[in-house]
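With the sequences and hints as input, model every part of the structure.
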Amino acid sequence: MISAQLPALQVVVPLLAAPLCLVLHRPFAAWLLTFVVSGISLLVSVALLGQILEQGVIDYAFGGWAAPFGIAYHIDFANAYVLLIVTAISTVVSIFAKRSVASEIEAHSQGLFYTAWLLCLTGLLGITITGDAFNLFVFLEISSLSSYVLIAMGNDRKALTAAYQYLIMGTIGATFILIGIGLLYMLTGTLNMLDMAQRLITVADSRTARTGFAFLTVGLGLKIALFPLHLWLPNAYAYAPSAVSAFLAATATKVAVYVLLRFMFSVFGIDFALGAMPLSTMLVVLGSVAVLSASTVAIFQHNLKRMLAYSSIAQIGYLVLGVSLATPAGLTATLLHLFNHALMKGALFLALGCIAWRLGSVRLGDLGGLGYRMPWTMGVFVIGGLSLIGLPLTAGFISKWYLVLAAVERGWWPVVLIIIAGSLLAVIYVWRVIETAYLGKTKEAVSGTEAPLSMLVPAWLLAIANLYFGMHTELSAGIASQAAMVLFGGQP
Amino acid sequence: MSDSILFLILLTPLIGAGLIVVTGNRPNLRETVSVVTGLLLLVEVASLVPDVLAGETPGLLLAIPVPGVPLALQVEPLGLLFALIASSLWIVTTIYAIGYMRGHHEIHQTRFYAFFAIAISATMGIALAQNLFTLFLFYELLTISTYPLVTHAGTPEARRGGRVYLGILMGTSIGFLLLAVIWTWQLTGTTGFKAGGILAGQASPLVIGILYGLFAFGIGKAALMPFHRWLPAAMVAPTPVSALLHAVAVVKAGVFAILKVTVYIFGIDLVGGSTASTALLWVAALTIIGASLVALYQDNLKRRLAYSTISQLSYVVLGAVLANAASISGAAVHIATHAVGKITLFFCAGAILVATHKTRVSELDGLGRQMPLTMGAFLIASLSIAGLPPTGGLWGKWYLALGALDAGYGILVGVLMLSTLLNIAYLLPIPLRAFFGQSPKTAVQFSEAPLPCLVAIGITTAACVTLFFFPGPVYQLAGMLIP
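In the order they appear, the protein sequences are chains A and B.
Once you know that position 288 of the first sequence is 287 in numbering that gives the first Met the number 0, the rest is easy, because the numbers rise by one and skip nothing.
Once you know that position 259 of the second sequence is 258 in numbering that gives the first Met the number 0, the rest is easy, because the numbers rise by one and skip nothing.
A few of these clues could be false.
[Stated by the list, open to error] Covered, in the sense of this in silico footprint (three residues per stretch, anywhere, with C-beta under 8 Å from a C-beta of chain B), are these stretches of chain A:
(1) 399-412
(2) 469-483
[Unchecked claim] Computed far set for chain A versus chain B, every beta-carbon distance over 10 Å:
(3) G49
(4) D58
(5) A60
(6) V148
(7) L166
(8) R362
(9) W459
No lab work stands behind these hints: they were computed from the structure.
From a predicted model like this one, the values you see are computed outputs, not experimental measurements.
Every residue gets a Cβ at the ideal spot worked out from N, C-alpha and C, and that includes glycine.
Following this line, the structure appears as structure tokens:
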């Protein structure tokens with residue numbers, strides 16, 4: 000039965016498509032394959048979510064080798080939800096990629112580009128779906144290595160430095176994660192995360208467990224770009240090809256946050272992670288600083304992709320703040336924001352991609368009067384920006400509502416104030432762009448207007464999704480709260 | 000039937016905005032669309048009057064974005080009063096705008112009319128909101144949709160004005176109001192407006208006090224000091240915008256929201272006794288006097304009117320915070336009477352600008368001989384703002400003073416009296432200079448503003464006087480607020 004093999008297909012399809020893509024080599028064929036494979040992955044993840052809604056969890060033994068000896072995939076609400084985010088974004092952005100990539104990357108490397116894209120997708124999906132700690136590390140490396148390649152393909156030469164910076168930082172992070180997993184393996188003798196969780200209960204009060212936890216947290220903090228481990232991110236997003244910025248901003252850090260949650264809640268358990276270890280205090284401090292400092296820095300950026308990158312770091316601060324509350328409501332807010340932030344950042348980066356395609360620049364100073372030259376593109380930016388600020392009727396508002404509510408329930412008023420301050424700072428950095436685009440002076444004579452339809456349609460898809468999920472939250476908030484319950488319940 | 004009318008009320012201006020854009024390159028058709036939309040809207044709003052007078056409150060559920068927090072509409076007397084004022088004055092303003100925008104050769108007129116219609120839709124949403132969340136949504140929508148109107152001219156000055164406008168309005172709404180809404184929901188599990196309030200017995204007096212402060216300052220559109228600077232900044236907008244939005248729709252949305260929160264969220268019993276309300280009374284009193292004093296020194300006519308508005312808005316806040324039957328009806332009546340008075344003053348200021356390109360009070364000497372109709376209307380409207388007979392402005396002040404006495408604050412009656420004197424001091428010299436001052440030019444000809452402007456001025460001036468003789472309908476709706 001094919002429906003029983005869906006967990007394997009989720010990873011195997013893009014994995015096998017990647018070498019095929021390299022062989023095809025021709026830009027159009029490679030693009031088509033990427034798009035089709037992303038679409039299939041999306042269908043698979045939707046089907047998986049359907050199965051989860053019916054039966055709760057899916058346990059899948061890869062190759063028929065039962066856990067704990069074989070590699071087991073374990074799917075519940077939490078990762079089915081993340082799979083959906085990753086595949087949906089990949090599908091939408093890959094439509095956009097065709098024209099955008101054609102303008103930014105030379106024809107002979109486009110086959111390679113799409114190969115790296117598919118590998119990155121494979122890695123992200125693998126990390127999310129697997130229930131095996133070492134397998135997770137392998138997929139993490141696949142996604143990291145391919146994303147270094149993707150970033151390095153940006154048409155600015157600074158992309159090379161950015162990719163190199165990310166390579167160094169990412170490798171340090173991956174090493175930390177590997178050490179962490181190694182220590183846990185040493186302690187428990189298993190790599191299966193379910194198994195690990197059960198055996199850890201008895202040995203949690205040991206220095207090895209604490210050290211392993213610390214290594215994992217720091218390593219994942221690097222991958223998440225949690226302040227102050229965020230230094231690789233602004234350059235990476237700013238100089239990567241437009242489509243890559245959109246894809247990575249909406250998925251890569253999200254998956255890393257998911258992994259952190261999985262280890263915190265499912266493997267170590269909430270009592271250990273937020274009780275025995277001082278993680279809650281650390282996260283609340285780092286998250287607060289991230290929100291305030293990164294939002295402030297974003298205000299002073301002239302390169303808009305860099306501005307959005309700093310905004311992403313601030314948004315990661317929100318995610319972490321939600322976790323630090325250590326309540327189901329806080330975790331729901333985090334998971335919900337994972338989804339909504341993917342929508343808003345995706346929309347914003349795609350809008351910038353359209354602008355880059357037309358102007359060849361995303362510097363604020365070049366945007367004067369763009370609201371009249373590219374009304375549809377700027378429309379996406381306005382909607383995405385309002386969502387980022389968190390105005391009602393947008394997805395961002397729903398996130399903010401849940402997050403503030405969770406903080407109020409907990410009685411953490413300083414956190415409430417920080418969330419609101421972040422929102423106000425977002426007003427400033429978003430409005431700079433809107434003001435320049437609509438009230439600024441046009442630089443040269445008006446020539447050429449909108450971006451092509453194949454770029455505008457995906458951008459508008461995400462913009463409309465921002466509005467839709469601002470009104471109907473059965474899917475986003477509904478599944479987020481289910482997933483939070485699962486994580487809080489302690490079962491992986 | 001009346002349920003679906005609620006939806007139509009929101010939709011009509013939006014459809015109007017769409018049609019305005021479509022007919023953009025045919026100005027006559029475009030402006031016809033605008034007026035017809037206004038008439039339709041007024042008919043729709045008016046059709047709700049019999050139901051509400053019969054004590055019904057038709058409602059409509061639009062969506063449920065967050066479980067327990069619906070996006071819903073419901074009519075009640077205060078909201079209906081506000082919707083009636085805004086929709087009827089929209090028609091008058093549109094007529095005025097036709098004369099003004101053409102006479103002043105403004106650019107981007109289609110955009111102007113379209114965003115105007117969207118702003119009216121948001122105003123209707125505020126008037127008909129069934130709960131705090133819906134109110135907040137349309138409140139923000141109103142801020143966003145009026146931003147392009149404020150920055151209409153696109154000059155550096157307009158950009159600066161727009162920044163202050165957006166910064167203060169959004170800063171207070173996200174910083175305080177949203178927090179207050181979420182907190183209320185957390186305390187009570189609902190955000191719905193309910194007769195008698197929902198917060199009674201749900202929190203300690205301290206929390207109630209903080210919440211009330213958050214609401215009062217968070218609703219920045221009420222321009223309570225020190226969050227009042229956006230209103231003078233918004234005066235860079237074309238005059239019809241200043242007239243309808245920044246004398247009626249936007250600012251009244253602010254005080255309306257405060258009134259609504261006082262009556263339907265806190266309940267007057269809860270507000271009346273608290274210490275926070277005493278503190279707020281003084282903030283309101285200070286705003287009344289302080290803004291009037293500032294107005295005295297403004298030479299720019301529109302800025303003077305803006306500070307006058309700030310002062311007058313605090314009358315309504317005062318009425319809300321005093322929280323007794325007389326003061327609440329006084330506040331509601333004042334919303335109506337100040338609306339017609341202030342819109343007339345702005346119409347006159349715009350008429351002067353179109354006819355003579357003068358913006359300063361000091362330039363108006365002798366203008367009464369050139370524009371007798373405009374300056375005559377200005378005189379009557381000034382009396383209304385000061386609250387003197389034979390104008391409607393008297394009634395709001397009357398009930399507010401009664402309310403202050405009922406609550407045992409005799410000194411506030413003194414504040415109201417002092418304010419009246421200040422009103423006279425900064426408004427009446429303007430028509431007096433115009434009629435009795437020496438014109439710098441020797442030969443003065445009769446040359447008034449364009450006809451549509453005069454028609455609009457005539458209608459609102461007549462309304463000022465009519466409200467003195469027949470305040471009944473307004474008072475009847477206002478009286479239904481506190482049974």
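- [ ] Against the earlier hints, flag every one the structure doesn't satisfy and list their numbers going up.
- [x] none
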